[in-house]
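J.: Kindly produce the complete structure, drawing on both the sequences and the hints.
As given, the protein sequences belong to chains H and F, one line each in that order. The numbering of the first sequence is full-length UniProt numbering, which starts it at 1 and goes up by one. The numbering of the second sequence is full-length UniProt numbering, which starts it at 1 and goes up by one.
It cannot be assumed that every hint is accurate.
[Claimed, not checked] Derived lysine-lysine pairs resembling DSSO-like cross-links, with alpha carbons at most 27 Å apart:
{"#": "1", "chain 1": "H", "residue 1": "K46", "chain 2": "F", "residue 2": "K427"}
{"#": "2", "chain 1": "F", "residue 1": "K335", "chain 2": "F", "residue 2": "K512"}
{"#": "3", "chain 1": "F", "residue 1": "K367", "chain 2": "F", "residue 2": "K332"}
{"#": "4", "chain 1": "F", "residue 1": "K400", "chain 2": "F", "residue 2": "K427"}
{"#": "5", "chain 1": "H", "residue 1": "K139", "chain 2": "F", "residue 2": "K121"}
{"#": "6", "chain 1": "F", "residue 1": "K109", "chain 2": "H", "residue 2": "K37"}
{"#": "7", "chain 1": "H", "residue 1": "K125", "chain 2": "H", "residue 2": "K145"}
{"#": "8", "chain 1": "H", "residue 1": "K125", "chain 2": "F", "residue 2": "K335"}
{"#": "9", "chain 1": "F", "residue 1": "K105", "chain 2": "F", "residue 2": "K307"}
{"#": "10", "chain 1": "H", "residue 1": "K51", "chain 2": "H", "residue 2": "K37"}
{"#": "11", "chain 1": "F", "residue 1": "K301", "chain 2": "H", "residue 2": "K125"}
{"#": "12", "chain 1": "F", "residue 1": "K400", "chain 2": "H", "residue 2": "K125"}
{"#": "13", "chain 1": "F", "residue 1": "K512", "chain 2": "F", "residue 2": "K332"}
{"#": "14", "chain 1": "F", "residue 1": "K406", "chain 2": "F", "residue 2": "K430"}
{"#": "15", "chain 1": "F", "residue 1": "K121", "chain 2": "H", "residue 2": "K142"}
{"#": "16", "chain 1": "F", "residue 1": "K249", "chain 2": "F", "residue 2": "K183"}
{"#": "17", "chain 1": "F", "residue 1": "K400", "chain 2": "F", "residue 2": "K354"}
{"#": "18", "chain 1": "H", "residue 1": "K141", "chain 2": "F", "residue 2": "K121"}
{"#": "19", "chain 1": "H", "residue 1": "K106", "chain 2": "H", "residue 2": "K125"}
{"#": "20", "chain 1": "H", "residue 1": "K46", "chain 2": "F", "residue 2": "K400"}
These aren't lab readings, by the way, just hints derived from the structure by calculation. Since this is a predicted model, take the numbers as computed values, not measurements.
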Amino acid sequence: MTSWRDHLSETNRCLYCHEVFSGEVNWTWALGLSEEKLLCPACEGKLEEIKETGCDMCGRPVEQEGHEFVDSTVKRSASFVSKPQFLCRDCSRWGEEDRWKNHSLKHRALYSYNDFLQEVMATFKYRGDAEIATLFSGKLKKLAKSAGRIDVVTVIPLADDRLWERGFNQAELLAGAFRVRHLLVRTVSTEKQSKRDRRGRMAALEGAFRMSEEGERLELSGKRVLIVDDIYTTGSTLRSAASVMYEAGAVEVLAVTVARATGKLKK
Amino acid sequence: MRFYSIPKEERPNSKMARLIPEPFVPIDHPHAMNLLVRLTDLPHNQNTFPQVNGTFQETDELRKMMTGRRLLLDEITALIPLQLIQEHVNQGFIQYESAMMTQPKLTCKRCGNQDPFLFGKIQCARCRQSCRYCRACLMMGRVSQCSPLLTWHGDRRPSKKEHILGWEGTLSPAQNKAAEALKEQVSDLYEGHQEFLVWAVCGSGKTEMLYPAIHKALNQGDPVLVATPRTDVVLELLPRMTAAFPNTKVRAYYGGLEPSERYSEAELVIATTHQLLRFYHHFSLVIIDEVDAFPYTYDAKLQYAVKNARTRASLTVYVTATPPNLLIRQAKIGKLPHVRVPRRYHGHDLPVPKLTWAGNWKKRLEKDRLPFALIFWFREQIEKSNQVFLFVPHIQLMPKVVNGIKASCQQVTVEAVHANDPDRREKVSKFREGATRVLVTTTILERGVTVKGVQVAVFGAEDRIFTESALVQIAGRVGRSPDQPDGDVIFFHHGKTKEMIKAVRHIKLMNKEGIR
Ligand SMILES: [Zn+2]
Ligand SMILES: [Zn+2]
Ligand SMILES: [Zn+2]
Ligand SMILES: [Zn+2]
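T.: See below:
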């Protein structure tokens with residue numbers, strides 16, 4: 001643990017690029033009024049915070065032009081809304097499925113999954129620099145505040161071989177600011193997502209999770225559950241997990257992630 | 001990975017390795033599962049390994065991959081099953097060691113990192129406890145408290161191969177003198193650790209001077225390493241070395257190679273600092289080719305990597321235009337054998353930099369305007385159809401400087417490029433082709449950028465980043481072609497610095513010595 005004196009010194013080191021930068025750490029930080037700067041201005045500047053969303057449900061960022069699903073004239077709040085009104089085409093499609101007629105999965109992300117964030121997440125997940133999680137864990141907790149009362153916080157579990165390979169579950173570290181319950185376990189190991197089309201992915205995720213022993217013990221009925229994860233791509237993983245919890249009686253399941261991938265990037 | 005360290009009384013057959021990786025510990029073993037440990041938590045000297053079993057036929061793939069290297073277990077298991085690796089451990093061909101030291105100071109044994117900021121900690125799914133890892137060398141696979149390093153102990157087969165030197169150019173007298181002195185050193189590679197300095201001016205043709213020594217070492221059966229801090233230099237050296245040594249396995253290692261290329265067998269290796277970290281006690285001839293790199297530091301990282309990569313008895317050669325003070329001092333008191341090449345291969349003097357007052361350029365630049373002195377000089381260059389390298393101290397200044405140039409010389413084509421610029425290659429080659437007139441930059445991009453008739457200016461030369469050696473390297477960009485051996489080097493400044501004056505003195509001294 002570093003002391004407050006270290007934080008007040010003139011220079012900091014960037015958690016991502018390791019470069020020294022002069023931190024604007026001052027009395028506001030010491031009094032807890034501002035956050036400690038972990039990234040240098042250059043790295044910080046490359047993150048695209050989602051300030052307005054194009055869909056009340058999945059929280060996709062509004063800025064991409066020419067995206068068929070998004071009406072760029074509609075700008076929605078970046079925080080959770082209690083009554084989703086405007087839905088993108090993806091989310092409307094989900095809503096047509098029987099099991100999603102009476103349930104929802106509201107999601108918000110901190111940032112757009114741009115090139116820079118892809119690099120950062122690769123360093124975090126694949127290179128295994130677990131410290132990167134501290135960049136986001138506090139912010140995720142803040143983001144979740146607008147969701148209102150949350151009874152249980154959980155994460156998407158990793159398959160055993162993947163967990164061994166990485167040494168840690170990235171989602172669990174991202175949820176570091178919450179008290180995490182392990183509600184789910186994986187039933188089958190799914191193939192790499194990117195290899196399948198939407199339909200194939202959905203089929204593969206059908207029944208990918210079941211309740212864990214801890215989840216069984218914990219009475220979910222009437223509870224609002226928050227899932228913390230790293231990246232939201234199509235939402236199918238999160239929905240697969242959420243449907244297990246709805247079956248167990250959860251009244252609402254919501255999700256926060258670090259990065260919202262959009263069609264534009266995934267092509 | 002955790003290991004079961006078998007107690008002596010359980011090992012009547014001493015040929016067995018003391019360490020069994022977790023996956024191979026029998027589930028019904030009475031206490032093994034409770035005794036699993038990480039190598040960092042074991043006293044090092046306890047890990048006895050069997051002698052090499054000469055009758056065992058080792059796997060070719062493993063031998064090629066591991067000879068001369070020290071690799072993380074994960075790097076190997078990505079290509080070869082653990083079962084086969086463990087078999088080689090039991091036959092004495094491979095040994096495990098911890099990748100980190102926790103005492104007296106937390107240290108990454110692979111990269112030498114000891115900086116507390118560059119260590120992380122996780123609740124590890126492998127060793128099921130708090131596990132520290134090195135953040136400094138992550139791009140090579142993660143070193144953690146539970147990740148062992150593996151070394152190869154099979155006998156190295158002496159090579160009787162006859163290597164051909166395919167280079168047919170001629171060396172200038174100065175080059176030849178240096179080449180011979182260096183070759184002489186290679187004769188006794190087996191007497192402890194030795195060092196040699198080749199102090200050669202920018203544009204003296206350093207690479208060619210190295211060929212005779214490399215050739216000799218190869219024919220003695222010694223693997224040779226050319227180490228450099230920069231990928232650019234590796235990529236530039238590879239085709240030249242491959243052409244010079246046509247029947248030698250010349251391999252270049254830099255970031256971004258596929259695993260199949262990363263662990264290939266090699267006789268002559270060209271590698272960046274990080275890739276060097278995979279080699280262990282292997283090279284008898286190590287050439288550190290810093291060549292015109294800037295900002296240059298023979299940094300602690302490279303030093304550590306070189307120390308690990310060379311054999312105990314070996315020769316380390318420093319090739320540089322601007323040796324660090326420590327090397328100069330050692331050379332002067334006769335502790336470091338060296339040779340100087342003060343003359344360029346074309347025989348002409350090095351252009352001497354001129355110092356020009358630019359006033360308070362920072363203030364002018366705020367309004368996107370350049371100092372008058374620089375504008376006048378620019379216009380003169382453009383009239384003569386010259387190309388210009390303009391060095392600036394910081395990347396943040398580049399857009400303003402570009403605006404300033406455009407405002408004062410409308411018709412000129414100007415481009416800005418920095419070290420991590422994704423379009424860097426393109427921009428440099430456009431400049432090389434002459435499509436861009438002015439290139440604004442923060443660092444020397446590629447030493448191969450020998451643009452005929454290029455003129456150089458340093459803008460804000462008083463900045464701390466422009467040390468004597470940086471300025472000497474920058475000046476070395478000019479006059480490299482025998483057709484146009486002269487040109488302008490101007491330091492535009494707002495106050496002379498010692499470094500500027502030392503750089504001018506350095507170049508004048510080299511010119512004077514070159515006459516002798
Ligand atoms: Zn940074
Ligand atoms: Zn949506
Ligand atoms: Zn390291
Ligand atoms: Zn571990």
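J.: Hey, F:K121 versus H:K142, does the alpha-carbon distance stay inside 27 Å?
T.: OK: F:K121 and H:K142 at ~24 Å, within 27 Å.
J.: Check whether the Cα positions of F:K249 and F:K183 lie no farther apart than 27 Å.
T.: It holds: about 21 Å lies between the C-alpha atoms, which stays within 27 Å.
J.: Are the Cα atoms of F:K301 and H:K125 separated by 27 Å or less?
T.: holds, 25 Å
J.: Are the Cα positions of H:K125 and F:K335 separated by 27 Å at most?
T.: Violated, at roughly 49 Å.
J.: Does the alpha-carbon distance linking H:K46 and F:K427 stay inside the 27 Å limit?
T.: holds, 22 Å
J.: Would you mind confirming whether the straight-line C-alpha gap from F:K400 to H:K125 stays at or under 27 Å?
T.: violated, 38 Å
J.: H:K51 and H:K37: Cα distance at most 27 Å?
T.: Given pair H:K51, H:K37 holds - Cα atoms ~20 Å apart, limit 27 Å.
J.: Given the proposed pairing of H:K106 with H:K125, does the C-alpha separation stay at or below 27 Å?
T.: Given that 27 Å is the threshold and the Cα spacing comes to 25 Å, the pair holds.
J.: Keeping to a limit of 27 Å between CA atoms, is the pair of H:K141 and F:K121 held or broken?
T.: holds, 22 Å
J.: Can the restraint linking F:K400 and F:K354 be considered satisfied, given a maximum Cα separation of 27 Å?
T.: holds, 24 Å
J.: Going straight from one Cα to the other, do F:K335 and F:K512 come out at no more than 27 Å?
T.: holds, 24 Å
J.: H:K125 and H:K145 were given as a pair; does the straight-line alpha-carbon distance stay at or below 27 Å?
T.: holds, 26 Å
The structure fails hints 3, 6, 8 and 12 (numbered hints given earlier, in ascending order).
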